[in-house]
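Chain A is fixed; fit chain B with the ligands onto it per the hints.
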Amino acid sequence: MDKCPMCGARLQQGLNYCEACGADITIYQNVYNDVLNNYSQPTQTPGYQPSYQAYQQTQYQTCPHCGAQIPQGVQFCPNCGKEVKKRHFW
Amino acid sequence: MVEYRILGYDMQHVRAYLQQGETIFGEGGHVVAKSPSVSIAFKAQGGLLKSLEREITGSRFFITELAGPGMVEFSSFLPGRVIQIPLEGNGIKVESNSFLFAESGVQYSASLASLGAGILGGEGIFLATFRGRGNVFVHALGGVSSYVLKQGEEIEVEAEHLLAFDENMQVSVTRLGNLRTMILGAIEQEGLFFVKVTGPGRVWVHNVSIGQLVGKIVRNLPASQGPGLNIGGFQI
Ligand SMILES: [Zn+2]
Ligand SMILES: [Zn+2]
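Protein sequence lines, in the order shown, are assigned to chains A and B.
Quick note: the first sequence, position 24, residue 24 per my numbering, numbers continuous.
Quick note: the second sequence, position 85, residue 175 per my numbering, numbers continuous.
No lab work stands behind these hints: they were computed from the structure.
Misleading hints may appear alongside valid ones.
Derived EDC-like pairs (lysine to aspartate or glutamate); straight-line CA-CA distance at most 20 Å [as the list claims (entries may be wrong)]: (1) K3(A) / E178(B); (2) K124(B) / E178(B); (3) K286(B) / E19(A); (4) K3(A) / D100(B); (5) K3(A) / E244(B).
Short derived list, chain B residues pointing at chain A, Cβ under 10 Å [said to hold, decoys possible]: (6) M101; (7) R105; (8) G179; (9) V238; (10) E244; (11) G291.
Built from N, CA and C at the ideal position, the CB exists for glycine as well.
Looking at chain A on its own, in the form it has when it is part of the complex:
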């Protein structure tokens, strides 16, 4: 991620938030996936009514550096700040 997914500002390498808008970029992809999950359920009506019952919870993984339970797919550990693994979201 070189640009903030919330505001488009250039991101400072090594920071887990955007200096322009304050967004926590470590959880962004998981939260956005949760948002998109509201629209991909089979119970979806033509009016795009989100189906809260079928809501999918965030999946977790263990940080290889500090052992904290952290959301799957994050680039930096929200607990210790170290890079979990090289990964491009888009």
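Then chain B with the ligands, alone, in the frame of chain A:
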């Protein structure tokens, strides 16, 4: 593909470069320049124009259709940032004064839902819903703050600072205090109103609220301007 350039620093503006046959729809009052070859039609996508033409906080939400080829530039009347929000089948709700334009694959809702009617001088906040596939461009007054909220996580945003949020998020309005004499950010109002937004989802927040800006300006007007001014039903 429409090409976009978000330009500027503290006063951002955005240019869209349209090919022949490409269209975008935008809020007519925010168009600042265009190629002569770009046509503007006051024709609403889905024939919903009528319901969108209603008066909103002293201005109108005019949806126009702009057709290429050529360039069209959108800006706001105040400094701020242009935010590009891509939709992939999902939806967002946008405070209606902040909408600049969207791609033709995006649908907007006919109902400008009012959040918290009775607050902010009686009209509440008007939200337009955008859904579909393509980019939506909105303007953040002064600058933008944003929050990424996990499932069940909540934030309370001062009502006039709310810019946009994911459609699936639950919102409710709360009021603190009920004294007519409360002076908040230079405006006298009946308490302080917050919109509570619940995750999962994304929330965009204006750094400047138009009401507070107007309040500051009015308080600095020379005395010769008269004994006071009535804004939104409140004597200032
Ligand atoms: Zn940002
Ligand atoms: Zn860690």
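Each hint tested on the structure:
1. K3(A) / E178(B): Within the cut-off at roughly 19 Å; holds.
2. K124(B) / E178(B): Cα-Cα ~28 Å, so violated.
3. K286(B) / E19(A): violated, 24 Å
4. K3(A) / D100(B): holds, 17 Å
5. K3(A) / E244(B): violated, 25 Å
6. M101: violated, 15 Å
7. R105: Violated - the Cβ of R105(B) stays beyond 10 Å from chain A, reaching only about 15 Å at its closest.
8. G179: OK, holds: G179(B) within 10 Å of chain A, min 5 Å.
9. V238: holds, 5 Å
10. E244: violated, 13 Å
11. G291: holds, 5 Å
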